[in-house]
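Number of protein chains: 4
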Amino acid sequence: MLVVMKAQATPEQIQAVCDAIAQLGFRAHPLPGAQRTAIGITGNQGEVERGNLEALPGVAEVIRVTKPYKLASRDVKEEDTVIRFAGTDAALGGNGLAAIAGPCSIESREQAFAIAEKIAAAGAQFFRGGAYKPRTSPYSFQGLGLDALKIMAEIRDQFGLRIVTEAIDSETLDLVAEWADVIQIGARNMQNFSLLKRAGRLRKPVLIKRGLSATLEEFLMAAEYVMSEGNYQVSLCERGVRTFSDHARNTLDLSVIPAIRRVSHLPILVDPSHGTGRRDSVLPMARAAVAAGADGILVEVHHQPEKALSDGPQSIYPDQFARMMDDLAQIAPVVGRRLARGIRVETPVAEHA
Amino acid sequence: MLVVMKAQATPEQIQAVCDAIAQLGFRAHPLPGAQRTAIGITGNQGEVERGNLEALPGVAEVIRVTKPYKLASRDVKEEDTVIRFAGTDAALGGNGLAAIAGPCSIESREQAFAIAEKIAAAGAQFFRGGAYKPRTSPYSFQGLGLDALKIMAEIRDQFGLRIVTEAIDSETLDLVAEWADVIQIGARNMQNFSLLKRAGRLRKPVLIKRGLSATLEEFLMAAEYVMSEGNYQVSLCERGVRTFSDHARNTLDLSVIPAIRRVSHLPILVDPSHGTGRRDSVLPMARAAVAAGADGILVEVHHQPEKALSDGPQSIYPDQFARMMDDLAQIAPVVGRRLARGIRVETPVAEHA
Amino acid sequence: MLVVMKAQATPEQIQAVCDAIAQLGFRAHPLPGAQRTAIGITGNQGEVERGNLEALPGVAEVIRVTKPYKLASRDVKEEDTVIRFAGTDAALGGNGLAAIAGPCSIESREQAFAIAEKIAAAGAQFFRGGAYKPRTSPYSFQGLGLDALKIMAEIRDQFGLRIVTEAIDSETLDLVAEWADVIQIGARNMQNFSLLKRAGRLRKPVLIKRGLSATLEEFLMAAEYVMSEGNYQVSLCERGVRTFSDHARNTLDLSVIPAIRRVSHLPILVDPSHGTGRRDSVLPMARAAVAAGADGILVEVHHQPEKALSDGPQSIYPDQFARMMDDLAQIAPVVGRRLARGIRVETPVAEHA
Amino acid sequence: MLVVMKAQATPEQIQAVCDAIAQLGFRAHPLPGAQRTAIGITGNQGEVERGNLEALPGVAEVIRVTKPYKLASRDVKEEDTVIRFAGTDAALGGNGLAAIAGPCSIESREQAFAIAEKIAAAGAQFFRGGAYKPRTSPYSFQGLGLDALKIMAEIRDQFGLRIVTEAIDSETLDLVAEWADVIQIGARNMQNFSLLKRAGRLRKPVLIKRGLSATLEEFLMAAEYVMSEGNYQVSLCERGVRTFSDHARNTLDLSVIPAIRRVSHLPILVDPSHGTGRRDSVLPMARAAVAAGADGILVEVHHQPEKALSDGPQSIYPDQFARMMDDLAQIAPVVGRRLARGIRVETPVAEHA
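Chains as they are written, first to last, in the numbering used here: chain A, 281 to 633; chain B, 281 to 633; chain C, 281 to 633; chain D, 281 to 633.
Rather than coming from a laboratory, the hints here were simulated on the basis of the structure. Note that CB positions come from ideal geometry on N, CA and C, so glycine has one too. Hints may contain errors.
What the hints assert, rightly or not - Here are the simulated SDA-like cross-link-like pairs (lysine to any residue), alpha carbons at most 20 Å apart as the crow flies:
no. : chain 1 : residue 1 : chain 2 : residue 2
1   : D       : Lys347    : A       : Asp526
2   : B       : Lys430    : B       : Lys477
3   : B       : Lys347    : B       : Arg307
4   : D       : Lys347    : C       : Lys477
5   : A       : Lys587    : A       : Gln600
6   : D       : Lys477    : C       : Lys484
7   : C       : Lys477    : D       : Lys484
8   : C       : Lys347    : D       : Lys484
9   : D       : Lys347    : C       : Phe421
10  : C       : Lys477    : D       : Phe421
11  : B       : Lys347    : B       : Leu311
12  : B       : Lys477    : B       : Glu498
13  : A       : Lys477    : B       : Arg307
14  : D       : Lys430    : D       : Glu498
15  : A       : Lys347    : B       : Tyr419
16  : A       : Lys477    : B       : Arg364
17  : A       : Lys477    : B       : Leu311
18  : D       : Lys347    : C       : Pro312
19  : C       : Lys484    : C       : Pro312
20  : C       : Lys347    : D       : Arg541
21  : D       : Lys347    : D       : Lys484
22  : C       : Lys430    : C       : Lys484
23  : A       : Lys477    : B       : Pro414
24  : B       : Lys347    : A       : Ser450
25  : B       : Lys484    : B       : Phe393
26  : B       : Lys477    : A       : Asp526
To be verified - Stretch-level coverage of chain D by chain A, calculated; a stretch enters the list once three of its residues show a Cβ under 8 Å from a Cβ in chain A:
no. : region
27  : 283-296
28  : 398-408
29  : 449-455
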């Protein structure tokens with residue numbers, strides 16, 4: 281259920297509607313738009329009596345929402361969501377393209393800095409690196425944990441890159457929220473509803489990767505879990521789904537981009553590294569993602585992929601990343617975008633060379 | 281890596297090998313078999329020097345295991361695992377067939393007792409019921425929580441049924457371990473590795489449901505996560521996978537049963553309720569599962585499915601469950617099994633009728 | 281559109297309705313049932329004016345059929361279709377279970393007779409063997425063609441087995457129709473609509489295998505293609521679909537059996553050989569198919585599978601087939617069936633031993 | 281098996297090797313490259329004795345090919361195949377991008393000409409239109425047949441567009457080969473091996489659409505069937521595969537483009553119309569296809585899609601096609617291509633307006 285306020289509704293009227301919703305035992309989610317404010321109503325206690333709300337001052341109409349996702353839907357919020365980061369021009373959503381790059385896992389301070397320097401120089405605005413790794417095998421490298429988080433915080437200070445890293449459970453969620461700028465929820469946790477709800481109680485941006493067999497609706501419902509707790513800074517990331525097709529690690533489903541645009545206001549990024557699992561497919565699919573309308577790219581870069589502790593075969597070299605950035609910068613205007621290149625560092629940062 | 285002891289190896293020799301493994305910085309998992317003991321070695325620090333171990337007294341051979349799953353593999357333990365429950369003839373694995381039945385969610389004490397009485401009368405040995413529900417929508421019924429666990433504990437006392445219920449995160453895991461007999465890990469958490477590891481530190485039987493797009497190897501690796509922490513009481517449950525096929529809620533992949541038998545010693549059960557999502561397909565697929573060699577059936581039963589708060593359309597009626605038990609009892613001998621009918625209650629339990 | 285005649289409608293009244301339909305430019309398909317006759321109307325020229333037909337003598341009602349399949353639907357014909365073979369008790373559909381067995385390819389007269397003798401002795405009623413092989417590679421063995429058809433005709437005479445073999449194009453269709461008893465349309469041709477239509481113009485039973493990614497509706501529409509041309513002797517065969525699941529060659533979708541029973545009157549068989557691609561999975565899945573309600577089994581048997589020119593790894597040995605028949609005979613009564621064992625040859629047929 | 285000739289080998293030496301291969305009972309396929317000629321050997325009679333061939337004059341080496349596809353492989357022919365059309369600059373493969381556009385079905389001369397005029401004006405080099413339609417339902421519009429072929433021949437004369445249309449069986453294959461410029465083999469016939477072989481005996485370009493569940497290897501084996509008969513003018517077309525993903529009609533698998541480039545020299549096009557089934561996804565996915573490296577686009581255009589007899593919802597309007605061409609022209613240089621705009625007709629063709 282959704283209450284659409286009149287364009288000229290006052291803050292007091294909006295508050296009065298929220299109070300009325302709360303009195304009915306529901307939860308009100310005021311969502312300011314460019315023209316007017318909509319108020320989403322959530323709660324599982326049944327149906328709201330629509331008449332009561334429609335009679336309140338400042339209310340334009342009350343709409344029944346039939347899709348199971350509400351707060352993630354364009355019905356509730358027509359304008360695209362843009363997640364901004366104070367003190368930078370980095371953003372998820374909006375006219376710019378986000379470039380998130382870095383190694384699968386943080387392996388050491390040296391490795392992380394070597395890569396960060398290169399990707400910052402190529403114009404990335406975000407650094408990604410795994411501190412806690414959800415590995416298929418209990419005997420595989422599981423990440424450096426808190427040490428990795430601290431290394432990445434240093435990278436933020438040094439290079440001005442925003443930090444994106446994955447939380448895998450409630451303990452690591454709190455740590456990631458403390459040290460990073462964007463909390464990543466991985467594909468294997470896309471339906472870990474306890475984790476999603478807990479992330480919803482934080483006030484940090486969340487990036488949710490699509491589950492290996494998630495439908496569009498399930499993908500948006502994962503966002504809805506976070507948003508239903510009051511955290512509206514959610515972005516989505518397509519990273520390939522599991523099909524019979526065996527020429528790539530996963531099947532990158534780029535047509536989900538226009539499909540999400542139709543029904544949701546949330547930013548949608550693409551990870552061509554996990555999406556293909558092959559270094560020589562990453563660049564073509566990164567270009568394709570931007571051409572299809574993605575809000576950004578999340579890509580694995582490693583300066584020595586043959587020595588990487590995880591996902592070496594799908595990590596690209598820093599010079600390949602630089603070429604990718606050039607290609608994306610050329611394609612961006614065709615789709616009405618521009619590639620905002622963070623603080624492009626043209627001169628090498630000597631101390632970490 | 282796997283150390284196979286000679287048939288006549290003494291307990292002291294076995295302990296000495298375990299100590300040697302620990303000194304190398306690895307973890308030893310002694311796995312007694314009918315003929316001889318094998319000792320699995322796990323740990324991610326690299327390769328063990330095989331020669332050192334082969335020279336120890338009582339060692340028959342040291343085998344390199346190429347599959348990523350070790351403790352779950354028949355290479356490590358040839359005999360089928362049987363999980364027994366003290367004071368009952370209920371078991372997961374072995375010659376008997378396990379019948380686990382009950383409602384999707386515990387909705388009230390009345391509902392739970394009404395169903396438990398019926399399924400006990402029909403010969404089930406296990407009662408299943410959801411206390412914590414992983415629902416796709418944050419606005420759906422999420423379960424009664426601890427109250428549901430307490431109701432099920434009463435059911436155990438009243439009807440002699442062992443209790444199977446799902447844990448969805450670390451908090452609920454501890455509660456489920458305290459109140460129930462078997463901890464269920466749901467399909468959506470099959471790769472929630474933090475939860476699996478934590479379950480591995482408990483000493484309660486764990487039943488892992490196959491993820492919606494899990495390969496056989498990933499399914500066994502989920503078991504490996506639990507076992508690598510020392511909890512070897514693991515059983516598996518096929519519940520349908522996600523494919524293009526749209527005539528059922530999921531595609532029940534029964535051929536995974538002989539496939540698992542070939543490579544693993546763990547019990548494999550089948551859930552025809554989630555596997556099909558349709559009441560009129562449950563009985564045919566339950567029969568098919570047993571005919572294919574399953575170790576048991578996990579099925580949703582509700583006395584008033586049209587009023588159920590979750591999964592009504594796939595819940596069968598108690599009299600359908602009774603007929604299922606009769607059919608399974610007839611098919612069991614064809615596959616060298618028998619359907620052990622718990623304490624079949626022939627007379628109605630008056631106080632809960 | 282479907283015209284349901286009254287129970288007491290005369291043959292003349294039925295004919296009059298058919299004539300009226302033809303005059304409207306449509307095609308009438310009279311389908312006699314146990315109680316009454318229904319007349320299916322097909323043709324793509326648009327909507328029939330229902331009123332005209334309802335007024336005709338003997339008409340009970342005129343029903344609009346919403347599913348795209350009409351003649352294959354239970355709406356049009358409620359009773360199960362049974363395809364009988366004159367002079368034998370072999371049948372596809374009905375209370376009996378059909379057992380169709382034989383080599384993937386006919387390789388020589390000696391090979392074919394050696395296998396036929398064994399499967400006849402074990403009680404099969406049908407012999408299957410490939411004369412024309414749709415091979416993925418142009419460089420693989422493509423079948424013996426007409427010679428194979430002649431060998432199988434001899435097998436029919438010698439052992440009383442009905443012959444099932446695949447047609448792959450219009451040329452081979454005419455030859456198969458001439459020499460065999462059942463025309464098989466393979467999975468790769470399930471949407472070869474030209475071939476289906478041509479098979480519809482023949483008056484020989486047709487067995488259609490499910491395409492690798494065919495939905496239930498597409499599967500039934502393939503049958504509809506044959507039936508729309510007037511050939512109603514159609515049976516279906518599940519043989520595994522293509523999914524991400526990699527432990528078997530295909531994913532055998534047994535839940536399609538109850539799903540087809542709900543909406544269609546056509547017999548549905550199962551091929552556990554192609555369905556699994558592994559010898560040791562064939563017997564468990566054959567049992568499961570019958571337990572799920574299949575009308576029969578189509579299975580590859582070879583006396584020397586290690587020397588077979590095609591599909592050796594999934595062919596079972598004759599003694600495994602004999603055990604399968606024993607198992608199926610025991611499961612059959614649980615699902616209200618019996619395994620009619622053709623003319624079970626107890627004594628060896630000397631001249632081909 | 282593949283014989284690689286020396287760069288300086290004479291035509292007589294090449295012929296002598298071909299003769300030697302033929303004498304051994306195999307088939308020789310001479311494949312001239314920029315530097316040297318390779319000779320593919322096909323036939324299923326077993327292994328060639330490599331030594332005999334290596335000793336012949338002009339032979340550089342004899343290579344065993346392990347992939348089942350040979351003639352379609354880059355091992356046999358390193359240079360990209362380019363299919364040219366005499367008297368035009370239209371091509372499939374090479375530096376240019378092919379734009380193939382037109383209605384799903386030819387419905388009338390008026391409809392076809394109205395669309396052809398628009399797409400020619402926007403710069404397409406090829407006109408596509410269905411004459412024979414493989415429809416899922418026997419009751420759906422099946423195409424105008426020969427009349428449609430004649431209309432398209434007129435369109436070629438009038439607008440200079442090359443004609444692409446589908447053949448569905450041997451009868452229509454001969455007609456399509458007579459009237460059209462490119463023979464399309466549809467997704468549902470991708471493993472209709474009889475049709476592929478027959479197309480291989482013609483000397484017209486063949487465009488093969490990927491089957492709904494075809495792996496990369498099966499896709500290339502379909503090409504191999506055509507090529508093994510001596511017709512090397514084969515191009516491929518990705519059109520979406522069938523997966524669980526339900527937000528689009530099919531899942532367009534664009535990562536197959538770099539995957540095919542790695543192993544095959546054949547052109548690979550993309551059909552975003554069937555690939556998505558939604559008008560508003562066609563343009564984004566067409567851009568993505570070119571950005572991923574496709575050799576061209578095959579797209580459905582209709583001037584009145586709401587009245588189309590087939591595939592209306594996925595057909596774009598002529599002005600959307602014109603915008604697509606503009607977008608593709610901008611993306612092409614990023615991937616080292618250019619969009620050759622046939623004979624771009626700037627002035628309206630009056631007599632068909």
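Results of checking the hints against the structure:
1. D/Lys347 / A/Asp526: Given pair D/Lys347, A/Asp526 holds - Cα atoms ~15 Å apart, limit 20 Å.
2. B/Lys430 / B/Lys477: 26 Å, violated
3. B/Lys347 / B/Arg307: 18 Å, holds
4. D/Lys347 / C/Lys477: 36 Å, violated
5. A/Lys587 / A/Gln600: The given pair, whose Cα atoms are some 17 Å apart, holds under the 20 Å limit.
6. D/Lys477 / C/Lys484: Violated, at roughly 27 Å.
7. C/Lys477 / D/Lys484: At roughly 27 Å apart (the allowed maximum being 20 Å), D/Lys484 and C/Lys477 break the hint.
8. C/Lys347 / D/Lys484: 40 Å, violated
9. D/Lys347 / C/Phe421: 17 Å, holds
10. C/Lys477 / D/Phe421: Distance of about 15 Å is within 20 Å: holds.
11. B/Lys347 / B/Leu311: 18 Å, holds
12. B/Lys477 / B/Glu498: Since the Cα atoms of B/Lys477 and B/Glu498 sit roughly 15 Å apart, the hinted pair holds (cutoff 20 Å).
13. A/Lys477 / B/Arg307: With Cα atoms ~36 Å apart, A/Lys477 and B/Arg307 exceed 20 Å; violated.
14. D/Lys430 / D/Glu498: With a Cα-Cα distance of about 34 Å, the restraint between D/Lys430 and D/Glu498 is violated, given a limit of 20 Å.
15. A/Lys347 / B/Tyr419: This hinted pair holds, its Cα atoms lying about 12 Å apart.
16. A/Lys477 / B/Arg364: 36 Å, violated
17. A/Lys477 / B/Leu311: 40 Å, violated
18. D/Lys347 / C/Pro312: At roughly 54 Å apart (the allowed maximum being 20 Å), C/Pro312 and D/Lys347 break the hint.
19. C/Lys484 / C/Pro312: Within the cut-off at roughly 19 Å; holds.
20. C/Lys347 / D/Arg541: With a Cα-Cα distance of about 42 Å, the restraint between C/Lys347 and D/Arg541 is violated, given a limit of 20 Å.
21. D/Lys347 / D/Lys484: 26 Å, violated
22. C/Lys430 / C/Lys484: 18 Å, holds
23. A/Lys477 / B/Pro414: Holds. A/Lys477 to B/Pro414 sits at ~11 Å (cutoff 20 Å).
24. B/Lys347 / A/Ser450: 31 Å, violated
25. B/Lys484 / B/Phe393: 24 Å, violated
26. B/Lys477 / A/Asp526: Violated - the C-alpha atoms of A/Asp526 and B/Lys477 are around 30 Å apart, more than 20 Å.
27. 283-296: With 0 residues close enough to chain A, the hint is violated.
28. 398-408: violated (count 0)
29. 449-455: violated (count 0)
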